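Asker: Next come the chains, spelled out residue by residue.
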Amino acid sequence: MYAWHFTEMPYPDHPDPDTIPSVRVSLPNKHFDPIIGADLYNRYLDEHMLADELGLNIMLNEHHQTATCLDVAAPLAAAILARQTSKARICILGNPMSNRADPVRVAEEMAMIDCISRGRLDVGFVRGVPYETFAANTNPTQTLERLWEGIDLCLKAWTHREGCFNFEGKFWHKRSVNIWPTPYQQPHPPVWITGSSDKENIREVARRGFTFAMFLQPYVKVKEMFDAYREASVYDDPEEVRRHIAYMPLVATGDTEEEAEGFAKKVAWYLGAKTAPQFRNPPGYVPVSFNVSALKGGYAGRTDAVRSKGIDYLKEQGVMMFGTPDQVFEQVKAFYDHVGGFGQLLMMDQAGHLSHEETVKSMTLFAREVYPRIREEFAFKPAKKGAAAQ
Amino acid sequence: MAEKSSGNVEILKIQDIDLEVERRGAGPPLVLLDDEEGLTRESPVVDQLAKSFEVIIPSMPGFGRSSRPNWIETMDDIAYLMLDFLDQAGVEDATLVGFSLGGWLAAEIATKNVSRIARLALVDPYGIKVGGPWDRDIQDIWFLTKEEVQALKYADAKNGDIDYPAMPDEKLEIIARNRESFARFCWQPYMHNPKLKRRLHRISVPTLVIWGAADGVITTDYGKAYADEIPGARFEVIENGGHFPHLEQPEHFMEVLGGFLADAQKAA
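In order, the protein sequence lines correspond to chains D and S. 35 is the number of the first residue of the first sequence in this note's numbering; add one for each residue after it. 106 is the number of the first residue of the second sequence in this note's numbering; add one for each residue after it.
This is chain S alone, in the form it adopts within the complex (with noise of 0.2 Å):
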């Protein structure tokens, strides 16, 4: 795995929340919000993003360096205190990016309040349920083993291989403390807002929703069919790109990001 950038890291508070907020580059604001494992921060993506915007990466509570207030229960809660965060940033005319968990949190975000943000893109985005009560949308991760998991987010399961006794404390702390994190947001209902789906329509930018195509989690059809709630959503597939396609295809993906950014810009 490619060594990150070091970006400008503070803590802010907002309420009682101290809240981890990384800065890569400088341009227009990119809101970028992070997968659950904290990944997405670490690849060449967000330095190459970071050349034409700046990269803002706020931690979700619980995540990263960001405390957690036990009265932070669900993704709601996380999507209201991100729009505080917004408004204290004065960040205008966003472009709103969010991966796997942080995916979902960016449609939560951009149901409620678009004032801050012009564009937004989701990447296998956890956060709504598609079929009926006996269907498993979500493959369980918590319920199978490891490398079963490992074996459905990978396209090639050998690229989700990481060296955990090779990091140091402090990092495994955080990777410990973000699975904790995981877990208390998404347990039950599992890795969804059963209100979510009937709230999507209400996202009034441009949106781009990008699938890999091995991802083994979350299918391809529950992609469609997220993109499909949103009102004029652009639904793009990354070929032999499991549930984090941007860390498997970096440049397939940017192509078809920065495609849609360019387009957007376009038609704003």
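Chain D with its partners taken away, still in its complex shape (with noise of 0.2 Å):
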């Protein structure tokens, strides 16, 4: 199993949540200071930096309009990280590829970093988040259309090779595609994508290969999704098939259980980042079933039955994982045998005011004393003769 660090590059600083209707959208920016900006998007670079020297893998991910994330564009705090680091592999999770406007843009984005990187690059598709319509002004109705349009696009451009295509499609035309560079990795770099809760879609991310991952989701929820994954999977070996499946809770280890706790609670400030209830849930972005729930009042987006309990009930469920590096440890077995087990342990190891000194203590501590464990304990067999090559 791979580790990867991860921050949103949040903007903690906002004011009070009770004053404001949202942290997300429509939050003025004139509470952003760019002195704070550049102190913090240097801060979480260097943070990046660290988990190469630990030897954890890279994650970053890009939100807009928003105090939750200052990454507004994942691809150029990558290609920094191409070249600042040396042996982590970067993922982007993801570019959001509905919301793009042109996926050959992120199809050479992408060729020129993993060159700089020489192959370092994970390329992460998302559909976005709800809110994110709002920003990029996608119709919410077609978010996943959008999604598999442009990923069958980009990863032509990818893999063409003699000279120029075309392409009319629904919401990209295209009459001369031939991109220079081509990404370093052949045929293209490992391919991800995101889900939560719609099982054809997760059957349409196993059936081609790629890695799916799921974010900040309780276990049982968690196992019925990878189970979807599995049984769809176009890998014959199990071991493959794990490689692919990535979760991400968020993580904070301590020296002491105390110490945990304090970073636990600093850390679980990005579960409660408040979002005004119109941007969780724009028209169509959910099934009609979903939606019939809401007028009766029983659904109010989907994460926020989750987070608005603690951190102890986030904890037993998988969302977080917490403690000294033994209950870490401990915490991600469980976890893993809850689920049917998983490759990827993508960690939220920052958010909020969780300082750099904390954030380096927590992230030192769980890969000088954590990961081994777990590299050990979960550590990939060899693929058995035939199974399917990535």
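None of these hints come from the bench; they were simulated from the model. A few of these clues could be false.
Claimed, not checked - Straight line, CA to CA, 16 Å or less: simulated EDC-like cross-link-like pairs of lysine to aspartate or glutamate:
#, chain 1, residue 1, chain 2, residue 2
1, D, Lys330, S, Glu278
2, D, Lys330, S, Asp266
3, D, Lys330, S, Asp274
4, D, Lys204, S, Asp266
Quick caveat: nothing in here was measured; it's all calculated off a predicted structure.
Join the two chains into one complex using the hints; note that each chain is given alone, in its own frame.
Answerer: What follows is the structure, given as structure tokens:
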């Protein structure tokens, strides 16, 4: 199993959420101080470089118009880190393809970063969370369709080697695509996709051999989705299937339980970040059946129920993993057993007001005292003969 | 809300679309294009119209029980589909009345072909861009809170209260699907067809534009500008009526609509 350091690069010093309708989408940017922003960007990039030194991989994402995430261009952060790191794999999870103007531009950017990093890039594609439809003005009823059309176009741009091709799809028209450079990894970098509840979409991810990632969900739900993925996987070798399954909890490691709990409470800030209800559920983003529940008052957005609970409940559910190195190891192991195994541990180990010093402490403890045990306990066994190649 | 009388509902096949069509009353044909929430068809106004007309209510693709194939993407597509429907239904000299989103659709249809339409009434329709790129002609109902939207839509916000949990699932499914389809067709460009304003001059039948004076989603000024683009259109304002003036002021509304229909009949 591999572990990945992740932060959304938050700007936590915004007004008290009780005094504002939303931290996302509509919080006026007069509350952003670029002097503080400059410090934060450099600090978060330093922490990613530390991850590289510690032997952890790096995950990046992007959001827009929100104090929860200053990384508004994951390819930019990835490009910086492609030069400033040497060992870590860098996973963008992901490029919000549904909200991108041009998938061919995405193909070019990823190919360039892959070359600069000499093949250390993992390329995630995401549909984008509901509130992103406001910043991007993407029709919320068409995000999945755009995602897949964009992925197909990007993959073709990466792999078509014999001059120009044309494309006239529903959302994009291209008359002569022939990207320079191509990706460093051939035929293309590993592809990742996130999901939460749409099983048909998960099966499509599995059939294509892409890595499937889930974020911050209770283990019962995670197992259900991982099972759907496993059943449809293109890979014959179960170890290869497991290598393509990723999960992200919030993670905090301390010398003592008390210290870890202090870190965990700060990191849990992320779950409490306030988003106005209308931004959480634009019409058509989720299926009609969910909105029938919403009209009855039973559904208020995909993750609300989980997020409003305390950290001990979240720890039981596997949404958070925190404690001493021994305890964190045991929690990873328990979650692994609950969900039928997985291969990539994506760790949101920085959020909210967790300071640089605290983040370094938590990351270092994890990397030195938890990660070696995880690597050993959940090592990938060599592929059996006849297993499908990646 | 008053219970509607039960109409005769059938599902017609038009191309690959299952189109739900309700008919109520008897008399000359009045094609009624419902609002995006499906509120109009349940209002007493329809029963009153059904006393003098055969009221024909086709549900747009994705609304009510009409199917919504993926190729239906814009109000322009739906307008052509409705022209196919009018041909198939064989109506002649029809009165076309559209409410809100249905008003936009009625305007689209009338710019394309009025061979089966004799007169047109638009009630607080969306559909055109009046101001410049920085102007918000139509309040962003998806960005605002539901409380804010309700206050903008109704002269008296309480008139918009609906007890959703008390409704059967089948009804809630239609409501949820209506909302999804509304976003599919109107998310961007937001609530308008950039081409429509320049086409409104083609409307060659007597036209009435009715506006709720208290419509906070689209103001009376917008309504006036809309009517000004349609040759000879009459513009009437309903006091104490919001975006659905016929729901909040049904008597005044019927007076205005009835007067127009009588005059249009005389002129013909």
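Asker: So, for every hint listed, does it hold in this structure?
Answerer: Now the hints, each set against the structure:
1. Lys330/D - Glu278/S: Holds: Lys330/D and Glu278/S sit about 11 Å apart, inside 16 Å.
2. Lys330/D - Asp266/S: Holds: Lys330/D and Asp266/S sit about 14 Å apart, inside 16 Å.
3. Lys330/D - Asp274/S: holds (9 Å)
4. Lys204/D - Asp266/S: violated (39 Å)
Comparing the model with each numbered hint stated earlier shows that hint 4 is the single one that does not hold.
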